[in-house]
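S.K.: Sequences are here, hints too, so could you generate the full structure?
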Amino acid sequence: LPWHGRIKGFSDNEDVAYLAAFASTCWLSDVHETFMLECLQRHIRASPDYDAKKLLANIWTSKKIIIAYNNRTHKAYPPSTPDPLVQLGNDLASGLKTKVGMMWFVQDGHWVSTDVSIGHSQCTIAYADPEQRALPESVRDPINWWLAAHIKQSLVWGTLECPLQRDGYSCGILANNALAHDFLPEVYPLIDTSVFGAVVIARLQAGTEVIKHH
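Position 146 of the sequence shown, counted from 1, bears residue number 146 in this note's numbering, the numbering being contiguous throughout.
Treat the hints with caution; some may be incorrect.
The calculated label-pair distances, taken between Cβ atoms and stated as ranges, are [said to hold, decoys possible]: (1) Ala23 / Trp157: 33 to 43 Å; (2) Ala20 / Gln107: 20 to 30 Å; (3) Phe196 / Pro82: 43 to 53 Å; (4) Ile201 / Asp49: 24 to 34 Å.
These are calculated hints, taken from the structure and not from any lab test. Ideal placement from N, C-alpha and C gives every residue a C-beta, glycine not left out.
M.R.: This is the structure we're talking about:
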């Protein structure tokens, strides 16, 4: 890799210096999460069991849900103009999509993830927090509101399997791993954080995959 230049092959074309975080104990940003999600999406599409009804949403989807929820008292939802968030909700309502995985940024520095799975009469939202904290209202209320604007199924919350965070900086790799395991369990086993070096290896593997696609 050169010392300077842009990362290619991803929707975020940041400087190659961003890759250094994968070989460190630095907190992973939305840029790193985007790299990992897009790598995972490629594996999902390449899977023999690929199902186009199952979607891994981009990193900004949850943020857009939160913004729409916070603006609900003075901005109509759905808006009159075309909107990707509305389209996703409509796709869930029509059955074009039956499963959506999302990453969420909460508590000013913590990554968590959700899986929304639509059934005939029930929608299950599975929540993963590497620190095993209780589901925060900052996630529950916006997603409940958004889904209720589109689907008729009852909403039920559950737990998404997730590795336990044992440090102060690995939430990004672990919450992402929860989604990866949910979508492709045979390819992505849950990281055993009780094993010395397991999280370090997972970070290096994630960075290596980004470099290979660069």
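S.K.: Run every hint past the structure and note whether it holds.
M.R.: Here is how each hint holds up against the structure:
no.	hint	in the structure
1	Ala23 / Trp157: 33 to 43 Å	holds, 36 Å
2	Ala20 / Gln107: 20 to 30 Å	holds, 25 Å
3	Phe196 / Pro82: 43 to 53 Å	holds, 50 Å
4	Ile201 / Asp49: 24 to 34 Å	holds, 26 Å
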